[in-house]
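Asks: Dock chain B against chain A, hints included.
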Amino acid sequence: MPANTRTIAELARALRARELSSETATTECLARIAERNPAINAFIAVLADQALAQAREADAERQRGHDRGPLHGVPLSLKDIFDLRDTPTTAASRVRAGHLATEDATVVGRLRRAGAIFLGKTNLHEFALGTTNEDSAFGAVRHPLDPNRSPGGSSGGSAASVLDGMAYASIGTDTGGSIRIPSAACGLVGLKPSVGEIPVDGVFPLSTTMDHVGPLCQSVEDAAILLDAIRGSETRRTPRAVHGLRIGVLRGYFTALLDPQVGAAFEATCDALVAAGAELEEVQVAHAGDVAPVYLHIVLAEAAALHAKTLDSHADDYTPNVRIRLEMGRYIMAEDYVRALRGRDVLIAEVDGALRGRDALLLPSLAVPAVRLGAAVVKIGTVEEPVRNITLRLTQLFNITGHPAITLPCGTTTDGLPIGAQLAGQRNRTDDLLSVAGAVESLIGRRVHG
Amino acid sequence: MTIKAWLDLAIQDAERRNLAALRPLLEALARSTSALRSADWNFDATGDSPRSSTPDAR
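Residue numbers (my numbering), protein chains in the order written: chain A, 15 to 464; chain B, 236 to 293.
These aren't lab readings, by the way, just hints derived from the structure by calculation.
Bear in mind that the values here come from a model prediction, so they are computed numbers and not experimental data.
There could be a bad hint or two in this list.
Some but not every residue of chain B turned toward chain A, in silico, with C-beta under 10 Å [what the hints assert, rightly or not]:
no.: 1; residue: W241
no.: 2; residue: A245
no.: 3; residue: D248
no.: 4; residue: R252
no.: 5; residue: A256
no.: 6; residue: L257
no.: 7; residue: L260
no.: 8; residue: L261
no.: 9; residue: A263
no.: 10; residue: L264
no.: 11; residue: R266
no.: 12; residue: S267
no.: 13; residue: A270
no.: 14; residue: D275
no.: 15; residue: N277
no.: 16; residue: A280
Derived DEER-like restraints, expressed as beta-carbon distance ranges [as the list claims (entries may be wrong)]:
no.: 17; chain 1: B; residue 1: A263; chain 2: A; residue 2: D366; range: 27 to 33 Å
no.: 18; chain 1: A; residue 1: V352; chain 2: B; residue 2: A263; range: 16 to 22 Å
no.: 19; chain 1: B; residue 1: T237; chain 2: A; residue 2: T252; range: 53 to 59 Å
no.: 20; chain 1: B; residue 1: E250; chain 2: A; residue 2: E49; range: 47 to 53 Å
no.: 21; chain 1: A; residue 1: R265; chain 2: B; residue 2: G282; range: 42 to 48 Å
no.: 22; chain 1: B; residue 1: G282; chain 2: A; residue 2: T396; range: 38 to 44 Å
no.: 23; chain 1: A; residue 1: D429; chain 2: B; residue 2: N277; range: 42 to 48 Å
no.: 24; chain 1: B; residue 1: T237; chain 2: A; residue 2: H328; range: 30 to 36 Å
no.: 25; chain 1: B; residue 1: N277; chain 2: A; residue 2: V391; range: 27 to 33 Å
no.: 26; chain 1: B; residue 1: N277; chain 2: A; residue 2: G83; range: 46 to 52 Å
no.: 27; chain 1: A; residue 1: E349; chain 2: B; residue 2: A256; range: 21 to 27 Å
no.: 28; chain 1: A; residue 1: H328; chain 2: B; residue 2: N277; range: 51 to 57 Å
The C-beta atom is built at its ideal place from N, Cα and C for all residues, glycine as well.
Pulled out of the complex, with its shape left as it was, chain A reads as follows (with noise of 0.2 Å):
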C-alpha cells in the first residue's frame, strides 16, 4: 500500500496515538522511493540514512514528551531548489556542479524546527524554467498514472513523489504556476501563497519580483499546515460553508482554450457549487490578454540577469533548450521590462477589481491534462499552441499580480488523467483563501472520488 494514503494530518494523529512511529512511515516512504523511482525519476538525490536519523530523534523526542506540532516526523520530500545544510542544491543544473549549501534556506529551517523529516531533494525543469521536467540534467521526470507522460513542472519531481506515495508532501517554488501546473497534472492540492508571504532566503531564484515557495499536499487541511509551518507562525483559521460563499468565475481567456474534458470538469464544478449555494457571478480581467507578454517580460528578463555570469562562463553546462531560453532573456529592451512592470500595475488593479465583494475567483488550473513527454505543441481542436504558452496560460496571472493561489483536484478524463481547478484570493488573506478552498473541497472531493 503506497504510504500516501493517509494525509498529514491523518498521519500525525497515527504518530500521536502511538499507531505507528516516524521511523516506521519514514521507512515505508523509503521502501516506495527504493521501488518507484528507477522508474518515476522524481528524486535526485535520496538522504535515506539522516531521514531515519532524523524520524528516531523524532520519536525519542515524543517518548520524552515534547510534540512539535502536526509535522513532527513528517516526511517531506523537497524540491532541489532549497537550500538543505551539507547537500548539494542542484537546481537540476551541471552548472551547480561542486556547490554544498552552508546552512538551510529559510523555509527548510522553519520545516526542521516543526519536526518535518527531509526524504530528498527532488527533480525539477532546470532552474524551475520550464514546466515539463524535460530539461533536467538528471533526466525527465515521468508521471506516476502515465510514463509516457509529464507530471507537468517545474516542481514536477516533488508532484510525483506525492502522488506516488514517496513522500507525504513537498516543497517547491512557483514562478509561473510550477507548483500549481503539476499539482493540477497530479491530482493534488498545490498552493502558492501571496508575494512576499515566505521567505525566499535560500532558494535558487528564477525571477526576483515574482518566486514563491509553497506546499505540494493531497488536501488543503495538509495545506494549511505545511503554509503554518513555513510562514513560521500558526494561523486559525474559520471553516466556511459552500452556501453562501461569493464567487467570481473567470471567463473568457481563461476559457477559451481549454481541453474539452478540462472544460466539462470546471463547468461540473461551478454546477456543483451553484447547486450547493454558491453564488457565481462571470467577472472580468480586461487586460487578460496582455498576460502573457507581461509574464515574459519580466520572468525573462529576470532570469537573465541572474544567469548572465555563468551564461558566459558555463554555457555547455547548461541544458540546450534552458540556456537558449536564458539567452533570449539577455535581448530584453529596458523600456520592455518597465512597460511591463506597468503592465503588472494594471492587472494588480483588474484582479483586485474582480475580487472586490467576493471571497475567490475561479478558474481552470491547467488548460489541457498531463502533456506527452516530447511533445512540443498541444492541439486543441483546430488551434495548436506551444506546450510552454498552454500549461502557463491560467497560472501565471497569479504570479505577476501577488495574490495567492490555489489548485484543486476537480475530476479525471476518461483516461484517468487528473484535472485542476483554481481559487484565487485577496493579496495577503492566503489563510481566507484556505478557508474558501476547504469548502470547496468537502464539495468537489466527495463529487470526484465518490
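Replies: Positioned in the frame of chain A, the structure of chain B alone reads:
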C-alpha cells in the same frame, strides 16, 4: 528602437555568437514585444500623469 530594427540586430548578434537556435525564439519575442507595446495602458506623455490605483500593490 523599432521592433524590426531590434529583431534584425538581435538575429545578427545571435548568429555571430553561433546561437542560430535563438532565431525562432527572438521572432516569437518580437511578436510578444509588439503586443506589449500596443497595449492600451502604455504611458502617453501627452496625457495625464500616471496614477496608481493600488499604491500598496506590492
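Asks: Give a verdict on every hint.
Replies: Outcome of the hint check:
Annotation: interface hint on B/W241 holds; nearest CB of chain A at approximately 7 Å, less than 10 Å. Checking B/A245 against chain A by beta carbon gives a least distance of about 5 Å; that is within 10 Å, so the hint holds. Hint status for B/D248 relative to chain A: holds, with the closest Cβ pair at about 8 Å, below 10 Å. Taken as an interface hint, B/R252 checks out: its beta carbon lies about 8 Å from the nearest beta carbon of chain A, inside 10 Å.
The beta carbon of B/A256 comes within 5 Å of a beta carbon in chain A, closer than 10 Å, and the hint placing it at the interface holds. Interface hint at B/L257: satisfied, since its Cβ lies 6 Å from the closest Cβ of chain A, which is below the 10 Å cut-off. Taking 10 Å as the C-beta contact cut-off toward chain A, the hint placing B/L260 at the interface holds, the least distance being around 5 Å. Because the smallest distance between the Cβ of B/L261 and any Cβ of chain A comes to about 6 Å, under 10 Å, the interface hint for this residue holds.
The restraint placing B/A263 at the interface with chain A holds, with a minimum CB-CB distance near 8 Å, inside the 10 Å limit. This hint holds: B/L264 has a C-beta 6 Å from the nearest C-beta of chain A, less than the 10 Å allowed. A distance limit of 10 Å between C-beta atoms decides the matter here; for B/R266 the minimum to chain A is near 9 Å, and the interface restraint holds. The interface hint given for B/S267 holds, since its Cβ lies 4 Å from the closest Cβ of chain A, which is under the 10 Å cut-off.
Restraint check, B/A270 versus chain A: the minimum CB separation of about 5 Å is within 10 Å; hint holds. Proximity of B/D275 to chain A holds as hinted, the smallest CB-CB distance being about 8 Å (cut-off 10 Å). Interface hint at B/N277: satisfied, since its Cβ lies 6 Å from the closest Cβ of chain A, which is below the 10 Å cut-off. With its C-beta approaching chain A no nearer than about 13 Å, B/A280 sits outside the 10 Å limit, and its interface hint is violated.
The supplied range of 27 to 33 Å is met by B/A263 and A/D366, whose beta-carbon atoms lie about 31 Å from each other. Between A/V352 and B/A263 the Cβ separation comes to about 21 Å, which falls inside the hinted range of 16 to 22 Å. The supplied range of 53 to 59 Å is met by B/T237 and A/T252, whose beta-carbon atoms lie about 55 Å from each other. Between B/E250 and A/E49 the beta carbons are some 49 Å apart, a value that agrees with the proposed interval 47 to 53 Å.
Our hint of 42 to 48 Å for A/R265 and B/G282 is violated, since their Cβ atoms are close to 31 Å apart. Checked against the given bound of 38 to 44 Å, the beta carbons of B/G282 and A/T396, roughly 41 Å apart, stay inside it. The given range of 42 to 48 Å is respected by A/D429 and B/N277, whose C-beta atoms sit roughly 44 Å from each other. Between B/T237 and A/H328 the C-beta distance comes to about 34 Å, which sits within the given range of 30 to 36 Å.
Remark: the range hint 27 to 33 Å for B/N277 to A/V391 is upheld by a beta-carbon distance near 31 Å. Roughly 50 Å separates the CB atoms of B/N277 and A/G83, a value that falls within the hinted 46 to 52 Å. Our hint of 21 to 27 Å for A/E349 and B/A256 holds, since their Cβ atoms are close to 26 Å apart. Distance hint check: the CB atoms of A/H328 and B/N277 are about 37 Å apart, inconsistent with the given range 51 to 57 Å.
When the structure is compared with the earlier hints, violations turn up for hints 16, 21 and 28 and for no others.
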